[in-house]
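Quick mapping for you: the protein sequence lines, in order, are chains A and B. In my numbering, each residue carries its 1-based index in the first sequence increased by 709. In my numbering, each residue carries its 1-based index in the second sequence increased by 3.
Just to be clear, a hint being listed does not mean it is correct.
So these bits of chain B aren't anywhere near chain A, every CB distance computed over 10 Å [claimed, not checked]:
#1 Glu-44
#2 Leu-70
#3 Leu-78
Quick look at which bits of chain B chain A covers, simulated, 3 or more residues with Cβ under 8 Å [claimed, not checked]:
#4 8 to 16
#5 33 to 40
#6 45 to 55
Everything labelled a hint here was simulated from the structure, so no lab data went into it. Just so it is clear, CB atoms sit at the ideal spot from N, CA and C, and this is done for glycine as well.
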Amino acid sequence: MKMTLIETKTLGAAAASIEFTSIPQDFTDLIVLCSLRSTNTFGVGGVTWFDVLLSVNSNTGNLSNRILAGSGAAVSSGSGSGEFVIRVSDSATTANTFANSSLYFPNYAGATAKSISLDNVSETNATNARQEIAAGLWNDTTAISSLAFSPSSGNLAIGSTISLYGVLKGTDGIVTTSP
Amino acid sequence: MTDTPTKVIVNCATGESTTVPLTEAELEQREIDRLAWEAQEAERKAAEEEKENLKASANAKLLALGLTEAEVNALTA
Chain A
710 MKMTLIETKT LGAAAASIEF TSIPQDFTDL IVLCSLRSTN TFGVGGVTWF
760 DVLLSVNSNT GNLSNRILAG SGAAVSSGSG SGEFVIRVSD SATTANTFAN
810 SSLYFPNYAG ATAKSISLDN VSETNATNAR QEIAAGLWND TTAISSLAFS
860 PSSGNLAIGS TISLYGVLKG TDGIVTTSP
Chain B
4 MTDTPTKVIV NCATGESTTV PLTEAELEQR EIDRLAWEAQ EAERKAAEEE
54 KENLKASANA KLLALGLTEA EVNALTA
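Isolated chain B, as found in the complex (with noise of 0.2 Å):
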């Protein structure tokens, strides 16, 4: 039993399947990758919620100003 990470190949020549544990440099891409997932989603979620507060804003605004919220929903939709 080992915690090494582990690929499964398969021989298309062959149709053989063999299982076996990452390489030092694969183990060393995944965590290139995984940080760089990790910060372009959190990119992506905080852009989102830029854009979802800038939506509640405006809608504020327009209520204030006073439309109803039927108006600003048909405006916004």
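Just chain A, with the same shape it has in the complex (with noise of 0.2 Å):
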């Protein structure tokens, strides 16, 4: 397996959204690596994280997920449609302090529906922070061109960085990766 960076972007100005257009459609797999925090609080019942919501190929309405959570304060699981959200720290978490997610995409320039796999965690010196692994479907055949990150209000914090990578598949015998 070959990992490559091909494109990183850290905010120097908050923003409602980063998007990563133009992907090249060369690798097997993608890697997203994020380090998000978000501008808004909800503030109520000590929740402590806020959506992020992803766009795909500025597309939502196909996306669907399978959540197992914990909050500190209890263990959730779920599902919903039309949406795949990433819970990341809001501005009522300890200054300074960025959820890390990563965002698998198998397969993403297939002519297949495209599964998502997710590692979460939101940060915060308290007890009630969010960590949860979830499992995605972006139910379209189309190969996978852009992704977008948004919060459902608010902007994407100062210093939030996002790194989009692609996987080549190693040596199986038939395909030869090159170093």
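Combine both chains into one complex, guided by the hints.
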């Protein structure tokens, strides 16, 4: 396996969305590593995370998800459709802390529906932070050419960073990957 | 200087990064997303509170039956 950084973006000013466009189609899989913080706070019931919505090829409607989560106070599971959500540290969390998230998109350039794996932890120096793993589906056979990450309101804070990597499968006896 | 939220677009083909204001359609979608999220989180919180209340009620009933706090904790932990 070979992992190549395609692009990385760190916000120098708060912004409502980070979008990667014209994603090259010559990798096997994609990995997205996120370090995100919201400028908003929900402020209800001790919730200290905020939703960042994934958009694939400018589309959220064909997305669905199943989630296992822990909040420090409770565990939960669930499923949803019409969205795929990353829950990041909100502005009420410890200053200058960021959620970290990893997303994997296997066979992103193929002509089948696309699965998504998420491993995510919000961050705060308190008990009520969010940890979750999620499986997602983008039920569309179009190759993924753009990915956008947008909080449901407010902005991504200064310093928020998203890095997009391409993964090339390794030598399997048939396909050889150049170093 | 504008109050309109912006988005950062990173073109992976050119490496160019641009910042543009959100369109009206994007702003409308954000408002829909915000309302949906608030409703969902309020529902989640209510469910958690109900579960905690039931747990406290069950513990109180067990204590009233004569179990010690250690025994109740052993049962419910």
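Here is how each hint holds up against the structure:
1. The beta carbon of Glu-44 (chain B) is not kept farther than 10 Å from every beta carbon of chain A, the shortest such distance being approximately 6 Å.
2. With 10 Å as the threshold on Cβ separation, the claim that Leu-70 (chain B) sits away from chain A holds: the shortest Cβ distance comes to roughly 24 Å.
3. No Cβ of chain A approaches the Cβ of Leu-78 (chain B) within 10 Å, the least distance being about 19 Å, so the stated non-interface status holds.
4. Requiring three or more residues with a Cβ within less than 8 Å of a Cβ of chain A, the coverage given for the stretch 8 to 16 of chain B holds, as 9 such residues are present.
5. Note: the stretch 33 to 40 of chain B has 6 residues with beta-carbon separation from chain A under 8 Å; the three-residue rule is met and the coverage holds.
6. Counting residues of the stretch 45 to 55 of chain B whose CB falls under 8 Å from any CB of chain A gives 6; the rule of at least 3 is met.
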